[in-house]
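With the sequences and hints as input, model every part of the structure.
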Amino acid sequence: MITEARSLLILFALLLAGPAPADITALVGATVHPVSAEAIENGVVLIEDERIQAVGADLPIPDDAEVIDLAGLHLYPGFVHPATQLGLTEISSVPGSVDTDEMGSINAALRAEVSVNHDSALLPVAVAGGVLNAHIMPGGGLIRGTSAMLRLDGWSWEEMVLQTPTAMHLAFPSGAAGDEDNEDLALIDETLEKARHWHAAEAAAARGEAPRPARNDQLEALGPLLAGEVPLMIHANGIAVIETALDWAEAQQFKRVILSANADVQYAAERLAADGIPVILRGVYNMPVRRWEAYDMAYVAADRLHQAGVLFAIGDSGGGMDVANARNLPFHAGSAAAHGLPKDAALKSVTLWPAEILGAGDQIGSIEPGKQASLFAATGDPLEPMTKIRRVWIDGAEYDLMRDRHRRLYQRYRQHQQAEAR
Amino acid sequence: MKRLTLALAIAAFVTLPALADWTPDIEAWNSAPPPQPGAVVVRGATVWTATGAGILENVDLLVRDGRIAAIGESLDAPANAVEIDAAGMHVTPGIIDAHSHAAIIGGVNESSRISTADVRIRDVIDAESINIYRQLAGGVTAINLLHGSANAIGGQMAVIKMRWGAPPEELVFDAARPGIKFALGENPKQSNWNNDTPRYPQTRQGVEQIIRELFQQAADYRSAHENHPEGRAGRDQVPPRPDHRLAAVAEVIYGERDVHSHAYRADEMLALMRIAEQFDFTIRTFQHVLEGYKIGPQLAAHGAGASVFIDWWAFKQEAIDAIGYNPALMHQAGVLTGLHSDNPELARRMNLEAAKAVRYGDLDEHTALQLITAFPADQLGVGARTGRLAPELDADFVLWNGHPLSVYSRVEQTWVDGRRYFDRAADERMRESLAAEHAELIALAQASEDESSDDEQGNAESETDSDADPGKRRRTMSFASHLTGYRASELDHDEYCILHDH
Amino acid sequence: MRIALFLFALLAALNLPAAELRQPTPDVHALVGVRIVTAPGQVIESGSVIVRDGIIEAVGADASVPPDARVHEFPREDGQDPMVVYPGLIEPYLPIEFPEPEDDAVPPGRHALVQPDRRITASDWPEERIGELRQAGFTTALMAGDIGLLRGHGVITNTGDAGLGVNRLSSQFGQFVSFADRAEGRSFPNSLMGAVALVRQTMDDARWQAQARAAMQRNPAQSRPEWLEGLDDLRPALAGETPMVFESQDLLDTLRILEFIPPGDIDLAIVGHGAEYQRLDALAERPVRHILPLNFPEAPDIEQGQERDVSLEALRHWHQAPENPARILEAGIPMMVTSHGLSAPGQVYARLAVAIERGLDPDAALAAVTTEPARWLGLEDRAGRIRPGMMANLIVVEGDLLTENPAITEVWVDGQRHVLASLEPPAVDPAGTWDLVLGLGGMGDVEATLALEGAPTSMTGTLSVMGNDSPLNEVRVSGERVIATIDGGRFGGSGTISIRLDIDGERARGSGSGPFGEFSVRGQRSARPDDEEAI
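Protein chains in written order, with the numbering used here: chain V, 2 to 423; chain Z, 71 to 572; chain D, 2 to 536.
Think of the hints as simulated: they come from the structure by calculation, not from any bench. Using N, Cα and C, we set each Cβ at its ideal position, and we do this for glycine too. None of the hints are false.
Simulated restraints, written as ranges between beta carbons of each label pair:
1. Q272(Z) with E185(D): 20 to 28 Å
2. D180(V) with E308(D): 15 to 23 Å
3. I303(D) with E502(Z): 15 to 23 Å
4. D266(D) with I345(Z): 39 to 47 Å
Far from chain V, by Cβ distances over 12 Å, these chain D residues were calculated:
5. P27
6. D79
7. S124
8. D162
9. S224
10. S344
11. G416
12. N469
13. D470
14. E507
15. R508
16. G524
Have a look at this one:
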């Protein structure tokens with residue numbers, strides 16, 4: 002039995018990794034929380050190269066596997082941040098270190114990932130907090146360009162890219178709510194119309210029926226969106242704006258729409274569920290949108306979406322202070338659970354669901370065979386701020402948590418303080 | 071133009087309602103204070119005392135006339151005591167936020183001068199700030215309203231209790247020590263200002279120098295006043311001119327007014343402590359103290375406390391070395407350490423900030439809770455009144471539906487002075503009545519609109535008076551433009567301290 | 002005689018001061034056959050008011066008409082109630098825009114926002130606003146500057162049309178204070194708490210200055226103290242010899258002011274904000290005189306489906322604000338009413354009518370604009386009532402005054418009659434060019450051209466007389482009547498010239514009046530706007 006399993010394993014590994022000897026790691030002793038399935042006490046996770054090969058309670062462990070004993074710890078898939086600008090900003094008050102917001106209204110051809118600083122000091126801090134993948138978005142303007150799903154480790158931004166383009170981003174003009182003549186929306190409409198025309202002309206040219214249209218980087222970049230190959234992520238805050246945006250998107254007949262919105266999105270929950278539009282809820286730690294609303298209005302938004310049957314992920318504001326503290330993403334989800342959201346849904350809202358919504362559901366978001374081995378071992382429930390994260394693996398490789406500047410400074414000054422005390 | 075008369079459910083508290091019926095309101099002026107029962111007994115709770123007694127399981131907490139009377143097993147309570155079955159619940163002291171701008175009207179900063187020691191937060195307490203109610207819902211019972219950090223010597227602070235509904239003067243926590251805000255580093259040297267007219271200083275050494283200079287002036291000022299003779303001789307001699315700015319600084323160097331100084335970097339904190347030592351007084355606390363862990367022993371030796379963001383970092387150059395382990399390291403070095411919010415939204419979940427002190431640096435859970443209760447109370451000089459659960463102290467406490475540091479827990483009740491200012495059940499009642507009132511008023515307003523559009527004469531008369539608003543309000547700052555209905559002061563913050571997205 | 006003067010004025014080129022040509026005329030009037038509300042709650046159902054040289058000589062059912070009086074009758078049709086005469090209203094708070102003090106105009110050591118020594122002078126006379134007030138029936142007003150923290154002295158004036166010199170009753174009433182103003186940019190103070198600190202420091206400086214001066218007098222053999230210009234002007238208010246009038250921005254500001262000025266020497270009055278009802282208990286503990294605006298908000302805009310975005314707080318205030326005056330009085334807080342904060346002073350009637358509907362006693366409402374401010378201003382013996390010996394400041398109105406849209410026909414200030422016409426919706430479109438003849442009695446006729454442009458609800462126009470084109474200050478169309486006013490300064494005089502024209506198709510007939518006298522007008526339309534376009 003064992004031999005047979007092993008030979009199968011080796012065969013599988015050879016198929017995957019070519020002739021090089023398989024690099025197998027066995028994580029044992031921990032309670033495994035696959036997210037996609039029930040927790041497994043004293044479970045085993047086998048990692049081969051960068052992928053999870055098997056997950057179970059009594060898995061056979063290959064002889065040549067590196068066995069890592071995680072007794073007393075809990076294994077979770079890395080958190081997937083659904084909306085952030087990690088890597089695009091370092092110190093928000095130092096303009097030279099900030100690449101979050103481009104000028105101009107129409108920036109369809111921008112690609113967020115190309116200016117991700119893979120050595121940003123912010124990345125190891127996020128990783129040490131269990132955020133191992135993040136959806137990095139462009140900012141500024143109306144049509145903002147495309148985003149990418151990244152692993153938060155790599156020797157260049159190219160190595161970090163897990164999936165791109167993940168979405169085309171549109172900041173829906175808030176002035177368009179209640180104003181049919183909104184200039185910003187008119188500009189968006191016109192741009193989309195021009196893009197449709199340009200691509201039709203391009204297609205005709207390809208068929209030899211017409212001359213090629215003049216090159217246009219912006220219009221060309223909208224092609225995948227118009228063809229339905231890339232979803233449109235609409236950013237809208239406030240129920241009036243959200244509803245206007247949804248009406249507009251319906252009229253435009255986009256095939257795939259993702260809505261990124263504040264807590265007011267709860268008031269559109271029924272419609273979103275009916276239309277099958279997934280939602281990125283931009284944070285739980287927010288003031289109620291209106292002064293006269295209940296104090297927990299923003300806290301209960303996630304549960305309202307869940308109850309209505311909306312597929313959603315929990316994010317944060319994604320900018321400013323929240324970039325440096327992307328590590329606090331799980332606590333947003335935990336607090337939503339304090340206010341009604343079932344705990345398992347809270348966990349999914351920062352792991353599996355963002356992966357699925359953002360087209361990476363087959364790669365990340367749960368501990369399942371075939372997925373990237375991006376997971377961490379923690380002392381307990383990772384939605385609890387008291388919990389400590391002990392070890393991290395990204396794509397099968399253990400991450401050196403001492404790359405986290407905070408841990409380094411802690412170690413250095415703790416030693417200094419202890420020496421002083423002596 | 072005929073207007074219907076709505077039977078007003080609001081503003082109709084002729085007699086105080088019984089505790090069970092008491093319902094708050096979203097407007098302080100319309101929120102009657104909750105009754106103060108002669109006695110309250112909370113039964114069978116897990117009580118986090120924030121004292122040497124630690125965490126007591128399955129005990130009772132007895133309150134009499136607004137003060138804690140006893141904590142222990144199976145306490146006898148008067149027959150008329152309000153009984154609260156708290157089995158499975160946790161009780162902690164009310165949270166004390168030692169750094170807040172959540173209820174300041176008309177600007178958090180008087181940013182004009184290098185010293186604005188004459189301005190007083192006491193003059194501008196926003197008793198109507200919805201933050202007071204919202205933070206009660208997060209278990210906060212007292213906050214320190216601080217001037218912003220635009221100037222080396224800022225304004226005088228005001229500590230308030232969260233007595234939602236009371237006018238400003240009744241919010242003031244009279245037991246608190248007088249204090250004043252100082253600021254060091256990037257803000258007073260104006261690093262991040264869009265500044266056409268830079269003022270002195272532009273360097274950290276300039277900040278240090280100007281403070282020293284102002285201390286000297288204040289000392290001279292005090293001497294001049296003290297040397298002015300009493301009685302007849304005094305009347306015949308021209309008295310020194312009063313100067314509220316120097317007078318407040320003189321109180322500082324005479325130890326009558328505590329310094330709570332915004333500071334990030336180790337060097338600037340050391341520099342201020344050394345000046346204070348020259349003038350023979352102690353810096354009461356540093357605020358934010360991001361690099362405090364680098365000089366824990368020096369802070370402890372001076373006697374300075376530390377009031378800290380636990381995990382804010384990287385938002386400014388001087389915040390690049392901020393680490394979550396800071397409070398734990400300083401606490402271990404013997405520094406009186408607490409956590410603060412500096413943000414009206416964060417203030418609603420300070421328990422989770424405390425939980426992070428367990429995550430970063432391994433403080434035990436009870437000590438972590440003390441970071442938001444007992445220790446900040448001590449920093450503000452109110453430790454003998456609040457911040458702990460012990461007999462004789464004010465009955466400022468919180469009932470949680472679970473472990474108070476757990477992300478899954480929620481505040482059920484918050485008591486201040488033995489009055490239940492927040493109660494989930496009362497809040498639910500309020501939601502229902504507000505929804506009904508809103509619907510009723512909307513209907514009235516719609517009826518009135520229809521009426522006036524039928525009546526052109528009335529319409530012509532009714533030019534908007536809002537344009538003729540007599541006030542000349544200037545800045546309205548909001549860090550979240552999509553929020554609606556808020557008064558500017560409720561979203562105000564120290565614009566020199568935190569750079570927001572918007 | 003006056004008509005001659007008017008002609009003279011029309012010959013603008015001469016431009017001589019009118020006063021030099023003024024001749025004494027008997028200034029005695031009898032308003033007969035009117036209902037007289039002599040004071041709140043006191044009515045003479047039918048009687049006369051006799052005015053001599055600007056002063057009320059007699060009032061009563063049986064007051065006899067002096068032989069030298071010009072008799073003003075108010076003929077009424079059968080079944081109509083007689084016209085009603087009320088005392089002129091008193092505006093207790095008329096903030097006047099001062100030019101901002103220039104930086105270099107501020108003496109060293111003094112803050113630009115601290116101007117306790119400022120007072121309104123003849124050159125600050127707000128002609129237009131005074132005219133508006135008068136038209137609305139206000140015959141006396143307390144004016145003060147509206148910028149700065151310490152804003153200076155108030156000036157009590159009547160609202161006649163001849164400038165401050167003629168109208169002034171007192172040039173030093175009250176010291177006006179507010180915490181509302183800020184310095185520009187990064188100058189002190191740029192926050193509310195800074196403004197409070199500056200006012201506090203200034204008041205203590207003023208007290209110190211008095212002490213220092215006294216010490217210096219007793220003992221001159223010492224270093225002279227610095228002298229802070231203007232602060233001596235604070236002394237009367239600090240000593241309670243004149244009120245300190247604080248303009249409050251909102252409820253919290255009122256509480257702040259009450260704490261800032263504790264009970265003691267200072268005679269505090271507060272210009273309110275309209276939401277006093279929100280904390281009446283706190284205000285009733287120390288009933289400080291309030292000058293109350295009637296700035297009731299409009300009903301909020303409600304978009305279908307967006308009700309959530311209409312704030313409950315705003316709805317509540319909209320609903321409750323009209324009760325504010327009644328509830329303040331119920332709480333025992335002395336109250337006056339100001340038209341400040343309304344888009345036009347005449348709105349005060351509609352607002353008072355609403356307040357009355359919402360519980361304000363009508364007599365108290367009238368008192369709040371007559372006897373109460375009179376008492377506060379020390380004018381009990383001179384204004385606020387119709388009583389012999391008082392200034393002849395009167396309103397003549399058809400029916401009750403405190404109604405939504407009272408038909409005021411005349412306002413008398415210091416015995417000078419100002420004829421108004423109540424406005425009705427336009428019933429004609431007088432746009433075009435009118436060739437008019439101004440009939441100046443014995444002086445003959447003068448030709449004039451009146452050009453009117455725009456819609457009847459928003460017209461502009463020009464009057465040309467003998468080659469002199471004068472833009473109209475204001476043109477209003479009421480029913481079939483056009484009412485236009487022209488700045489008298491255009492014709493070398495002072496005050497306002499008004500013209501009333503009744504339009505009948507292409508013909509017009511009417512009258513005019515000015516500070517110089519009355520005249521007739523007649524003429525016809527020579528061109529309509531379309532015609533002009535065709536040309």
